[in-house]
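Combine the two chains into a complex, taking the hints into account.
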Amino acid sequence: MVVGDPKIARLLEHPAIWRGRSAAQRSGLPTGFATLDEYLPDSGWPRTGLIEILVSRFGSGELTLLVPALAALTRAAAARWCVWVAPPLVPFAPALVSCGVVLDRVAVVGGALSDRQDARVGDRGLWALEQALGSGACDAVLGWVRQVKPRDIRRLQLAAERGRSLGVLFRPRRVSREASAAVLRLSVEPLTAGVRLTILKGRSARRDALNLSWRGS
Amino acid sequence: MRRLRSHWIGAAASAADLPAIGTAEAPLRSVRRMAPPVARTHELWAGVHLSEFDPVQGLQALAVRAQRFTPRVSLAPPDGLLLEVAGSLHLFAGVAGLRRELAEECLRLRVRPLLAFAPTPLAALTAARAGEPLVITELAQLVGQLAPLPLSALRWPEETCVRLARVGVRTIGAALRLPRAGFARRFGVAQLAMLDALTGRSRDLRATFHVPVRFRRRRELDCELSDQGQLLAELASLITALGAFLTARQCGVAELECRLVHRHVPATRCVLTLAAPCADEQQLTALFRERLNALQLPAPVRACELRADQLLPQRPPGRCLWQPGEHGGEAGEEGGGLIDRLRARLGPEAVHGLSLRQEHRPEGAWTTTPPPPLPARRGAQGHTADAPSEAAAPRRPLWLLPVPQRLAVRNGLPRRRGLLRLMSDPERIETGWWDGGEVSRDYYIAIDPHGVRLWVFRERAAPHGWFLHGVFG
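Each protein sequence line maps, in turn, to chains A and B. If you use numbering that gives the first Met the number 0, the first sequence closes out at 216, no skipped numbers anywhere. If you use numbering that gives the first Met the number 0, the second sequence closes out at 472, no skipped numbers anywhere.
Looking at chain B on its own, in the form it has when it is part of the complex (with noise of 0.2 Å):
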């Protein structure tokens, strides 16, 4: 008989006593003679269910604020927390009083939680799951308070669970109860692993969640100042502890806000976006210069305060022996400090890169991209193995423009700055019914008085305007 339990799921409890299994002392001890339950480490975990509530984003903020009851705080995608309270406990006098607190913390956050603690990570978030706010301090109490609980709580495919619901196995105590090679075989590893870590027989890892790490300081000013060169002097100081708290951490930030308080107006935001994660001190203090000459003050700022939320690792650049523009020199950190100092002067959006797009018409065929970094190394060849196919590809013109213009027409022919030559056959581009830009057009190359050359195009339909859409340049 005794052997015959071992090969159970949940072998700490018989089908007889499995309400009560905290005093059911025979079958415990035979339990741990054959296998022993590997979470024996006082542990208590506090499984936190977040019903109505989807977004990561707000699981992270609770995952920041539960850091107040212990350092190890587990995320459970999507919508359940695990906290290891066992050490924090006395600090909020027992369960009862950190259950009240938690709760208090998640309703700030405008979430209702469910909550309950139990010695394994996953039982206590199955059982707040499930709606049973259980608290079980005692693992040899645990297989008997969950076996109540609904297989659904688990959260197994649909599939494995309609199998057991019709082998009559509805409960997490009914599922402990079948053999286990049985159980594996019909419904899975996995599962059979979960169960495991449910009750404690096996370790239950969980990744601990760590605080991103941000800059935020503030700098009171003496008096109030209106200029710009002495703001920026008043910044500098917090530039410096910035490019110290990047350095010490091995990171760059890749986007920097400055806010500057004024005493009655709101505070005027100065967001810094950069091409490439920068932790220079001086390189910052360059961008801040100009996008504080460039900056309105609408009043006297009273206080600064420098942010940088998001921090990404950055490795100290290579330098090379070579200038940049020597043979064999490389422009590397250059070519993100020049777009950097265009974008902070210029205006984000200033500076873009060009790239193709798979489309016939002309003016859909390119588009606008942000500004590619220059790599750091390529291969010795470059580009020259994808050689330009100018056979293949009919002649367009270099520079297009924007918005097809209107040209004046006489006696049926164009016109601009006199009358246009037309040099080359037609070529049809048409449709685009998909989109709702459906164009009907002959394009030809055309010279005007003054040896220019120009591609024009006649619409298909009437009335048969002509264009002028590019410039070969």
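Bound-form chain A, shown alone (with noise of 0.2 Å):
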């Protein structure tokens, strides 16, 4: 199509006329960092679909950044829930409430409570996913599981088609050259006060770094 023409152009303005190209532009889920929300391929992080953050030690920020994120979505008129499966500590409710986040939303599947439970839950956390990701009732699931194969990340990316929600796997680096069939794939590393960013597997062709200070957001 030629996009230039006027008369095209004029044509196009006519209410009536639909295109699905831009319904097909969605707009993003805002991270809360200006710097990232730029940075990222939807101007945000996905709405449906799978995320894998990648990092090198737990807790190197990978919470931090998107804590805001999961904030603005308990806090939504009609939020579903944000689970969290099988996270390795305890989530400390009030540090989530100073961030924002709504408690009434949050549920927490097995999880650092006792290591009987850990130990049973690690297993299934998978399943616990896939489930979570594909009721429906969940608007994000955050996922601490060991051992995942590319079929199984593929699984999740289905599931978390189905259920409308926005996964997020949190790795540990070294399975960076795996293929993987999440939408986004970003690799974290701690700074001083801030993260940095590297989009390994988006939308964009951006490869470049991104510094993201706390402060900044």
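Among the hints, erroneous ones may be present.
With a straight-line Cα cutoff of 25 Å, these simulated SDA-like cross-link-like pairs (lysine to any residue) come out [unchecked claim]: (1) A:Lys148 - B:Arg344; (2) A:Lys148 - A:Ala192; (3) A:Lys148 - A:Arg172; (4) A:Lys148 - A:Ser97; (5) A:Lys148 - B:Glu289; (6) A:Lys148 - A:Pro67.
Hints are computed from structural coordinates only; laboratory data are not their basis. Just so it is clear, the structure is predicted and the values come from calculations on it, not from any experiment.
What follows is the structure, encoded as structure tokens:
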């Protein structure tokens, strides 16, 4: 289609004309960091689909990166659940509240409450993730699951599309070479007061890293 | 004289002919003209008083058993039961037979009853409470028979009884002889109304006890099964029956028990606890599939039984035009279904919510809760009103260690994968002597060599150990 043609452009202004492309151009979920919004493909986190966040060490700032978006999701008018599957430590409720997360919308599956529970949930974490993603009852599902195969990621991605939810998988950096069906793969490294982000896979061609400072939000 | 008499409470009787009122024709006739008793339809109430008997649950159990005598059973908590038995007397060969059977029924529940029969419920109950095994079948005899009973059987407030005793009124008969207006003024209208209900002058309406509905169905298997899949197929017919049962009553179950009966071993119980009342067969079947798969059967199953003891009213859910997740789409029952599925496979305590506690020590500042149900519809604004106040609250890590982890120390500084750099001024959190969990700590934000920000503390008491308590994440 010749976009530059003024006749066609005028024709397209007619309100009765609906263009598939404009509907397909979805806006992402605001991250809460202006520079990150610009950096990410959909100008925000994708609303549907699976994200992988790869870190070399647990606690490199990956959750701080995500919490503003989670807060916005839980505060929405028709908020669904935000499910944490097998978190390695206890999500500290006062910190979540001070970041604006509504605890009514948060559910934790398994978790580090006791070793017995952890061992049992570890095996079935993937199953729980898929259930939560595909149920349609969750806005976001965060998973800390070990031993994820590329095939599992494909399943999770399909479940996320089915349930229209955002899945976030936290994985170690060493798997960055593996194939993945996730819509977005990020690598996160800690800085003194922020993180350094690299898009490993996404719908934009950007390969440069972004230094994100917590105070610059 | 007649006009005066009508102002008395128990106007059926004058002082002289109280003991034998049934034969005193003249006063009765005068009463009928002035204020006829309302309870004229022929009723006979059996009052059961259960002494040395506390729980309300037992009272309900007895009320359920009493259904074999009459459908009109009323509870008089905490320790009384009323049965309207006029219609069923002939089935038990009169009052004596009924009294014997009723007493046996109570003894089966290991309670010793005191029984009395009277035309008004309150009179029957009062006589039973007074320990008098009266049988009053005629309304006309009522006042005369009740007269010698002590006032305490009416269970009036202590203070009222003391004041009545001070003017020499200790029996029901004496109270009935008092003038109405004066009695109401001095001892209360409620007490007067009770006396009227006692003598049948006013109608005493009692709520009828309804037996709670429950579902129990058992299925004997054609052959003994030990395969979960086949068992589920056999259970399917029971679940279908349950679904029809629940739909017909517009009810749902929140707890469902399945008993798998073996030949020699005690039955295996498999209890399904649901997040929200459910009447959907397919959902229940799916949950049972998860539960059965996780179950270790000790022996082959020869029969299965489905039990739902508590039915909860359930409205058919409203459907939204939008899919959940679309603009305007909300998740309603999907939420409950998800929690149920997770629980069925991972165990009932595997899913929980979080909530805050008013507590200054970090380990006590949060608690787990049952996952809250998704609200069906919320206000358009949601939670936008209460904005977070980040400035006021001190910085807290997003992750907390369930138990503080002791850190290695070199030269008085903590180490974890290398030397930690302390990035903040200390924040002191201390005391807790009131519950024995006394702490005295200085918290710091620290960064380890890999750049991970940690929340560490140093104990103020000797030996001044360093501990890791949180990760900022």
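How the hints compare with the structure:
no., hint, result
1, A:Lys148 - B:Arg344, "holds (22 Å)"
2, A:Lys148 - A:Ala192, "violated (33 Å)"
3, A:Lys148 - A:Arg172, "holds (14 Å)"
4, A:Lys148 - A:Ser97, "violated (36 Å)"
5, A:Lys148 - B:Glu289, "holds (24 Å)"
6, A:Lys148 - A:Pro67, "violated (29 Å)"
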